[in-house]
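Enquirer: Chain by chain, the residues:
4 protein chains.
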Amino acid sequence: MTTELTAERQLTEQERQHLHTLYKEFHQNPELSMQEHRTAERIERELTALGISSFRCGGTGVVGIVENGDGPVVAFRADTDALPIEEATGLEYSSEATGTLPDGTDVPVMHGCGHDSHITGLLGAAQVLLRNRETWSGTLVLIFQPGEETAAGAAAMIEDGIWDKAPRPEVVLGQHVSPGKAGTVDISAGPAMAMADSFRVTVTGRQTHGSQPQNGKDPIVAAAAMVTRLQSVVSRELSPLDSAVVTVGTFHAGLKENIIPETAEFSLNIRSLDEDVRSTVLNAVERIINAEAAAAGLEQPQMERLYHFPLNYNDETAVDRVLPALQKAVGAQNVAESKPRMGSEDFGLLGSAIGVPSVFWFFGGTPDGDPEGPVNHSPYFAPVIEPTLTAATDAAVSTLLAWLGRS
Amino acid sequence: MTTELTAERQLTEQERQHLHTLYKEFHQNPELSMQEHRTAERIERELTALGISSFRCGGTGVVGIVENGDGPVVAFRADTDALPIEEATGLEYSSEATGTLPDGTDVPVMHGCGHDSHITGLLGAAQVLLRNRETWSGTLVLIFQPGEETAAGAAAMIEDGIWDKAPRPEVVLGQHVSPGKAGTVDISAGPAMAMADSFRVTVTGRQTHGSQPQNGKDPIVAAAAMVTRLQSVVSRELSPLDSAVVTVGTFHAGLKENIIPETAEFSLNIRSLDEDVRSTVLNAVERIINAEAAAAGLEQPQMERLYHFPLNYNDETAVDRVLPALQKAVGAQNVAESKPRMGSEDFGLLGSAIGVPSVFWFFGGTPDGDPEGPVNHSPYFAPVIEPTLTAATDAAVSTLLAWLGRS
Amino acid sequence: MTTELTAERQLTEQERQHLHTLYKEFHQNPELSMQEHRTAERIERELTALGISSFRCGGTGVVGIVENGDGPVVAFRADTDALPIEEATGLEYSSEATGTLPDGTDVPVMHGCGHDSHITGLLGAAQVLLRNRETWSGTLVLIFQPGEETAAGAAAMIEDGIWDKAPRPEVVLGQHVSPGKAGTVDISAGPAMAMADSFRVTVTGRQTHGSQPQNGKDPIVAAAAMVTRLQSVVSRELSPLDSAVVTVGTFHAGLKENIIPETAEFSLNIRSLDEDVRSTVLNAVERIINAEAAAAGLEQPQMERLYHFPLNYNDETAVDRVLPALQKAVGAQNVAESKPRMGSEDFGLLGSAIGVPSVFWFFGGTPDGDPEGPVNHSPYFAPVIEPTLTAATDAAVSTLLAWLGRS
Amino acid sequence: MTTELTAERQLTEQERQHLHTLYKEFHQNPELSMQEHRTAERIERELTALGISSFRCGGTGVVGIVENGDGPVVAFRADTDALPIEEATGLEYSSEATGTLPDGTDVPVMHGCGHDSHITGLLGAAQVLLRNRETWSGTLVLIFQPGEETAAGAAAMIEDGIWDKAPRPEVVLGQHVSPGKAGTVDISAGPAMAMADSFRVTVTGRQTHGSQPQNGKDPIVAAAAMVTRLQSVVSRELSPLDSAVVTVGTFHAGLKENIIPETAEFSLNIRSLDEDVRSTVLNAVERIINAEAAAAGLEQPQMERLYHFPLNYNDETAVDRVLPALQKAVGAQNVAESKPRMGSEDFGLLGSAIGVPSVFWFFGGTPDGDPEGPVNHSPYFAPVIEPTLTAATDAAVSTLLAWLGRS
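Protein chains in written order, with full-length UniProt numbering: chain A, 1 to 407; chain B, 1 to 407; chain C, 1 to 407; chain D, 1 to 407.
Keep in mind the hints are simulated off the structure, nothing from the lab. Hints may contain errors.
Treat identical chains as interchangeable: a pair holds within one or across any two.
[Said to hold, decoys possible] The list that follows gives simulated cross-link-like pairs (lysine to aspartate or glutamate, DMTMM-like), each with its CA atoms no further than 25 Å apart:
id	residue 1	residue 2
1	Lys339	Asp276
2	Lys165	Glu25
3	Lys165	Asp70
4	Lys339	Asp242
All chains should be built: construct the whole structure from the sequences, respecting the hints.
Expert: Spelled out as structure tokens, the structure:
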């Protein structure tokens, strides 16, 4: 990785070592969405050490504000939550943490989406910019957002009045680690990340003895038929030139093999890049679930909406300013313009809630960008520490300076 | 219900009230298979109060022995365990108990199979017979067996040497509550209850982000295909004149809707009345599971045997003695000869382990024998206390006397 | 095979050779249901040669009447139609015949159900009985019924007034070749053969280019889902102790691989032994077909009833007379009492239409009764000529004499 | 539609009427692929009338050559075959034609893909250019290609030496009618139409009586499972940002509802825009078909390749010349640059076989371009005669002149 940032705008070796320590600490102490209590406290301690004042927002969210004279207000967001995954990376600093899901289930927890690198990269950028106060002016808003994985965190911060408590920015920036090669960055103008809709479906049958199917109604066979039939939404109801995903991510039914249970419950995650496609998919999914229940002689299942992620849209004008800054940060040959991603983010809400443009990009985390390697949400997802963290820091510094830098 | 038992061989009103209290106590304190610690202690207290010596066998099993002069040895077995079901009967004495499955899951527990009535009926019969010692001679072996639902209990008692510690009987008797009309009994000569085979199947895919199916292998879609395809075993591979059941009683996969999980796990319960049919079904089930994994590009799933229940066979000669005794107990018009049942029991092992015949019958538990009503293993299964318990007691007294009665 | 029929009541060697020739001639000239024109003519020629008067009834049906003094009237029925199967037996006298289905499709034709042996056996019995006129008295009605495979023939003969034109019998007898061992017979009292219901289902989608599924509605995917889901009727909605079959015997859709067609058509054949089971199955089948169409966003498919076969019920009193006659014909050790068969017959209609009892049995056709060997409707089904035809003749002679024989 | 072609380069009213007559004649006389005998004769008569010499090539292919002095050689291709579809447009000039598929099935035939408009448009362009000989110079090669729908025709013409018999062109042009608005044209540079792969799959079970599934192996249930499971290829194994189609266009099994047939046969049509995606899909399809056969206990089905269509690639440099010519022909506002189409063409082979670039575009055929209306291969697909045919003619004239026109 070759940065064109001036020497003083790069991490010192001591700062870098500190970031590594911080990263491992976050990695070993992951917390589930909206339960990021220790994570928030650790961030607060770090901000305090840097002399940055902060306030809590949206429960476990933290907002730090650095006022540095006249000039634009720019916000940069890092998300802080982790996932119910049992880490299998074999890393020395692997997580052994556990947590409790809202339904009471105890689960292992892992930073399987790499948000620990987001926190660390933003703290690194804050440190560099504070050390170089004379080279920029304006106001920097550091947003450490909880609950991204459940689409709850950005909404909670807005609900809690983040834009009443912090100055309104003219742009909101954010970044995410990916399985790309460490030291590279990719970005797309326009649609950047998919809409997501998530539902919990409860199929109610009639419980009976496992040896007497005729006396009950089997919700597992019905729900399995739904899962099978849902495959035809993408394969038959959409143009092959359109993009959508229908994933059944959980399926839970029954406590004992010799009882046909009363209910089966599964959850759905649906992605789309376009409102028409989204509407076609949502209608088809609901139609199939209801019809398969009817095929099994069951009542209409209960479909409970879990959340909706909006389209994450990268403002084209703002991208025109971000792109050269990224090229400066990691070298022009290391910045790619890419297709939209089917992943989703609630990042966009932070800007759209107040009509402000936002830009979001991805930085690589693997030594060689192996396309067959583990991806986000895999129990094996293990970004290398360097050059990942330095690139994340440099990218944040450089893009913030694109608005805040003195000439 | 009209019994032809003499007055002294019937429950006194005071005994009946005591049995009702006992029954409710067992019903409110159900325990999972092989964890029947308090149940065993309660049975022991009751035997002690009756002056019957007992010993523990197979962990939570209890064996009481009543020696009453020369004569045959006869064993009568009641099973004692309950199920992971959340009771929904609305009964005043409903269970609110919980328990922990072997895998660590906390679950509600209910006597959803009615074993509480088995315990109570056998204790009632013991009391009546002790009060009428002069009218019979021989040895009565009272077996309170744990872990019937998991096919573990009879095997555990045999393993623990029940037939070394207790005298060997010439017949083993047993009974089970059913959704039939309270006060009636039904029995079949020859094959009485099905063989059962149970397996846990673990389908291993490759975990990935829910928006990137192409980067993983979806074990939920694969396992759903297995559930769907398994329906064709009974529908296409067996003669319609043969009998078998293939039930998938549990299906568990995934912790979060936006992660395609690494594994899906389901459990199977298979019933058959005939070794050829059993073999056809087991082969077909394994073939389908392996082939559906191959269809999904997955490795062969792990199939772990949970248990095997043998065929529960009613010795025809012994039935010839039991049948008139049952008719005497509840009235000839209330005794039916029935087809075999697809339910399974480890009861038969207690006799077959030592080459001794056994007989097993069903007594009704509902006011009107409504064929549409809740059945065993339903959260609504709620036998009426009377005449259910009196009939169970009378049936046990009368059949025991068929071997032990003087003249 | 050991018969106890007197020598004169057995086939002479010359008669037997003639039957063999006749059998091969029928086998090589099979005709589809209700198109048995040449078959009817050949039967008529044979009856004429025997001096038996006959009349046409129900189109291609033939009825021969032999009046032989006072006494009971007894009818014996042989069915005459063949199937759209391409013979693969490799027999020297294999069929190379073709025919045209009602929908215009040209198909190969084979006596794959063995009706050729039914015709021959009944002609053989007529010959023997005519040669022994002095040993019996009464009236013999020989029914050569067309269209059994489509349930059309018995109804057509009744509709055409068979029982106005022929004297009313006191019993109707009939027999069918099976894969059992040649020279043996089996019979069941009470329910003998299943009810059958057959439907043609037309699933209407919306035709489109094969590369544009989003512009049409795929009826093949919908109909495949129906076939798959129908497997759960037998596996989940019936007691394993009940008997039913749901077979999809045909599935036709599309003319070109790059067009998603407008419609898919399949046909269903449903068997049951009991009205309750039948009703459960028919309701479930219709429910599933309609719901799967809804899942695919299609209109309710058209379900056209093709036919209904009634339960073929063997009158118990008449069986008491048939059974010893069969034992006399083929030896007591060669007669078995069997379970009902899931096959269906319109035979029962001939008696039930006028309230007359009927009895139907099976005679084996294979050298060793190999249970793995080809069965009726297989392209490999190839009864051996002897002792099959002699047994069929003897069984018909002996059972007819059970009513008609002098002392 | 507004053309900028000079008056003399437009159709005269008389010419237009003649084209209409020709179009209806072709529409009413459609012929199946590689059987376009009368169509070829009719084209030849028309070329002769125009004074154009022609030769047969590839059986029913016709090549006309117009030499007009020095200059480039340019080829223009129209395809001539029709489809096995029963026309349902209700048009006065509807087809009532029938044809015979290679397997002997008699089928209705329709110009359901609109190739009749291709023939007519090219004949119209030839007429206009012959009338304006003085305004251009070079050689025009008119290719009337048979068998496009089966990917057989272009290959047959190349095999038959078209480029030995006709002068080698520097570009090959072609066009296709679409459901777009009549008078408009759309084109994409680079990948223009998908690769297609087509297979016939024969699933072999074991035939038996419909009431005895246990004695056979049901190929219909197995093939239905394949169709169902194939839906997961697109839904689970591809990136949602990639494009592919897996269509089962035909499914044929069984002749009688009460026979489980020996075999089921279906055909597959697979589209892709990229070799990697194609390879993933082909592997997955084969894997699923083999595994589902194994699930049913069947041998590996026979998969017979029917054809492969290559990617239809529009040479970017040639598009740069075609695009303004199309804008001139129908007005700039009526020309759109579009995404690739999932449809396939063997058009590209005519150029790629000799390393010559080619360009292919679409002209609309419906009054209003209704996106919900019938598409190619629908029995309701009914392009309006005008302005469809005039636009097709103008587009051909204008693009040919882009190479051949005198300044």
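Enquirer: Work down the list of hints and note, for each, if the structure agrees.
Expert: Evaluation of the provided hints:
1. Lys339 to Asp276: both (19 Å within a copy, 17 Å between copies)
2. Lys165 to Glu25: Neither. Shortest intra-copy (29 Å) and inter-copy (60 Å) distances fail the 25 Å Cα cut-off.
3. Lys165 to Asp70: Within one copy only: 19 Å inside, 79 Å across.
4. Lys339 to Asp242: both (13 Å within a copy, 11 Å between copies)
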